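Order-wise, the sequence lines are chains A and B.
When you read off a place in the first sequence, starting at 1, and then add 469, the result is the number in the numbering used here.
When you read off a place in the second sequence, starting at 1, and then add 384, the result is the number in the numbering used here.
These are computed hints drawn from the structure, not numbers from a lab.
Heads up, some of the hints might be wrong.
As the list claims (entries may be wrong) - Using 30 Å as the maximum straight-line C-alpha spacing, the simulated DSBU-like pairs for lysine-lysine come out as follows:
hint, chain 1, residue 1, chain 2, residue 2
1, B, K528, B, K572
2, A, K848, B, K528
3, A, K848, B, K572
What the hints assert, rightly or not - Selected chain B positions facing chain A (Cβ under 10 Å, derived; list incomplete):
hint, residue
4, V439
5, L456
6, V541
Said to hold, decoys possible - Restraint-style ranges between C-beta atoms, simulated for each label pair:
hint, chain 1, residue 1, chain 2, residue 2, range
7, A, P707, B, R461, 26 to 34 Å
8, A, R687, B, R461, 44 to 52 Å
9, B, Q728, A, A855, 45 to 53 Å
10, B, K497, A, T482, 27 to 35 Å
11, B, E704, A, D836, 39 to 47 Å
12, A, E588, B, K497, 39 to 47 Å
13, B, L436, A, T482, 47 to 55 Å
14, B, S460, A, T473, 49 to 57 Å
15, A, D836, B, K554, 32 to 40 Å
16, B, K554, A, T482, 41 to 49 Å
17, A, P474, B, S460, 49 to 57 Å
18, B, D472, A, L852, 52 to 60 Å
If you're wondering where the values come from, they're calculated on a predicted model, not measured in any experiment.
Backbone N, C-alpha and C fix where the C-beta goes; we use that ideal spot for every residue, glycine too.
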Amino acid sequence: MANTPVYLDHAATTPVREEVFEAMKPFYGPRFGNPSSTHRWGRDARAALDEARERVGRCLGARPDEICFTSGGTEADNLAILGAWRALKAKGRKAVVTTPIEHKAILGAVHQAAHEGAEERFLVMTADGVPDSASLDLLVDDDVAVCSMMWVNNEIGTIQPVPELAAKAKARGALVHTDAVQAFGKVPIDAQKQQFDFLTISGHKFGAPKGIGALFIRRGVHVEPLMHGGTQDRGRRPGTENVAAAVGLARAAELTLAECEAHCARIQKLRNRLETGILAKVPDAVIHGRGAPRAPHITNVSVPGTDSESLLMALDLRGIAASGGSACQSGSIEPSHVLSAIGVRPDLASAAVRMSLGVLSTDQCIDRVIEVFPALVAKARQLATAH
Amino acid sequence: MTKERVLVAMSGGVDSSVAAALLVEQGYDVVGATMKLFCHGEDVPDRPCCSLDSVNDARRVCEQLGIPHYVLNLESRFGHDVVDNFVDEYSRGRTPIPCVRCNTFTKFRDFLKKADAIDAQWIATGHYARVVTGELRRGVDENKDQTYFLWGIDRSVLSRMILPVGDLDKARTRARAHAMGLEVIAEKPESQEICFVPDGDYTRILEQRLPPDAPSLARGPIITSSGVVVGEHNGFARYTIGQRRGVPGGFGSPMYVIAIRPQQRAVVIGTRDELLGNGLIAGEVNWLTDPARLGDRVSVRVRHRAPLARAEVVRLDGDELEIALDEPISAITPGQSVVLYDGQRVLGGGFIESARQHRNSLPVLAA
């Protein structure tokens, strides 16, 4: 019996929206110019790029010059952390502060800064997955170059109180970065009202293609570029701009915000039904971060006595796509650093299955998961007792 | 028609790749998986994390065969069951054989559980061995036969095992790989000796994992069988029975390591004759058929690729076994395996505890 495959991994990536694809097409055809050229083809591409920058800026409450297009979230995160640290280290700000539940793009960049002489400091997390405010007071001192906190956690969906944390860190003179890759379209973002200096978004999480993202860089904040060789984007990001993808990003961002309220309400309802359905059949399932404010699209569930590797494989072979913690470069699933950092028991952490909803999620998808997941869990537990 | 599902352990090498391809050809519902067993991290620059190249090759083969491929992280169990034991054995003056424990615990126990989890009735590997009517038999290619490493698996697993290349010789396996278009792996060289020893130097693993003052890596005497000190070594774990390298000369005839005595940190050397054993005692014995009985005539192998030797079972005591050999064998080594055969059939095996200089005969039973 063939069941329609169920995609529950929108936090990993999403399909490119038809409208976005259409908006991009001319730039793979007649409007192919290089925006740095001075002739009409160049001017035409430049116009599209300028417009895309303005539109992305409007989506974030930012001015066009505050938007720097990047190859995606990872590059934007690296540019913020390393660019800020390298620009500030000569001024005696030697520390970089972050949380232990960040995406590897942040943790890796902070580690690189440490390799270059920075002092890395990690905020202590509460069991709800938010930084402990005492630890923030302690660690964010006036020697901090940059402090980075993700807005919505990609594994458990918890929402960090970024505006409050940013205000505190700003008061100590630190630059503040937030990785908003999972937050865009899910929580209100407004650079005019909120005090972050850098903010990362990634296009393929909301209907734009892979390979495009943006870093908001507040006017007046200097970053050292990661790459060298051209004057594009004020020298912050040398290299011929990916015009088509920038246009796609702008279109996807606008559509996402326009539909935000209805979309979030819809997937939150589905997510809640999914969680209730699983808990009804598996009462001892643990849903991580459930006590904290959460974005509507992510649920992360651990069932005692199971392991995520086997469950994910079994789900996939039944046509259901979910994910575990972070995958290492071989593709093997590693225990989640996020769950460890918020104090989840190792056996539960190694059982975690993340399901993330989005544009492809329907009532039928949820019905199917509520039917299949508890059955697989029951089987896994039965095998565990048998062995 | 519902096809039976089989989970294939794929290393990225030619044998397991052809195994998977043959099963696809035979109409099974094939799922490929590569076990991540260890991680060198940044220690070994030319072999990035988790034998990445092997995983990539296995994945490419699966993509070509149109079957799903997963990476299974069995690192911590493998570390416990295989690598820790490997280190422990050397520090007890023995010469371990990690592939046996990997098959027993990792491939044919932990991996089997993954098969259970995905409703796979079968598991398959690229071993050169055969399962015929519920019994394990040597592979058709006597040069490649791997039953020496398979004696320890649980007997009940045999009924769920498929070993598709056991009927082929290596040349035919490579030919099948070419014929099926698996050029990625068809001419890959034979795999290295011990997968988790990156450069063939096992002492590096010991040095990494044992404390700096570990007795097995500390200096000790080299003595003759009569107890005369004739030299010094820098750690008995660096020696194995039958070894000549690092053994002092000037004795008229070549000298070999004939024993290791961890309590005295001593490496004992002797002549070729002193290396001979007429019997052996084995522990952790496992049977893949009904257990042998006292007096049974069997063929045995005491190291990989060694010729088969005729022998008799002279003592059975729980999971311990004593064998008397018809002709003496050189360098019977504690920690290695003894595997018992009846013709092509594998009866079972055990880990060698000690060699017997003198041939024991069957106890004379009263009455």
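Hints, one by one, checked against the model:
no., hint, result
1, B/K528 to B/K572, "holds (16 Å)"
2, A/K848 to B/K528, "violated (39 Å)"
3, A/K848 to B/K572, "violated (39 Å)"
4, V439, "holds (4 Å)"
5, L456, "holds (6 Å)"
6, V541, "violated (12 Å)"
7, A/P707 to B/R461: 26 to 34 Å, "violated (48 Å)"
8, A/R687 to B/R461: 44 to 52 Å, "holds (49 Å)"
9, B/Q728 to A/A855: 45 to 53 Å, "violated (33 Å)"
10, B/K497 to A/T482: 27 to 35 Å, "holds (31 Å)"
11, B/E704 to A/D836: 39 to 47 Å, "violated (58 Å)"
12, A/E588 to B/K497: 39 to 47 Å, "holds (44 Å)"
13, B/L436 to A/T482: 47 to 55 Å, "violated (22 Å)"
14, B/S460 to A/T473: 49 to 57 Å, "violated (37 Å)"
15, A/D836 to B/K554: 32 to 40 Å, "violated (51 Å)"
16, B/K554 to A/T482: 41 to 49 Å, "holds (42 Å)"
17, A/P474 to B/S460: 49 to 57 Å, "violated (32 Å)"
18, B/D472 to A/L852: 52 to 60 Å, "violated (30 Å)"
Of the numbered hints stated above, those contradicted by the structure are hints 2, 3, 6, 7, 9, 11, 13, 14, 15, 17, 18, listed in ascending order.
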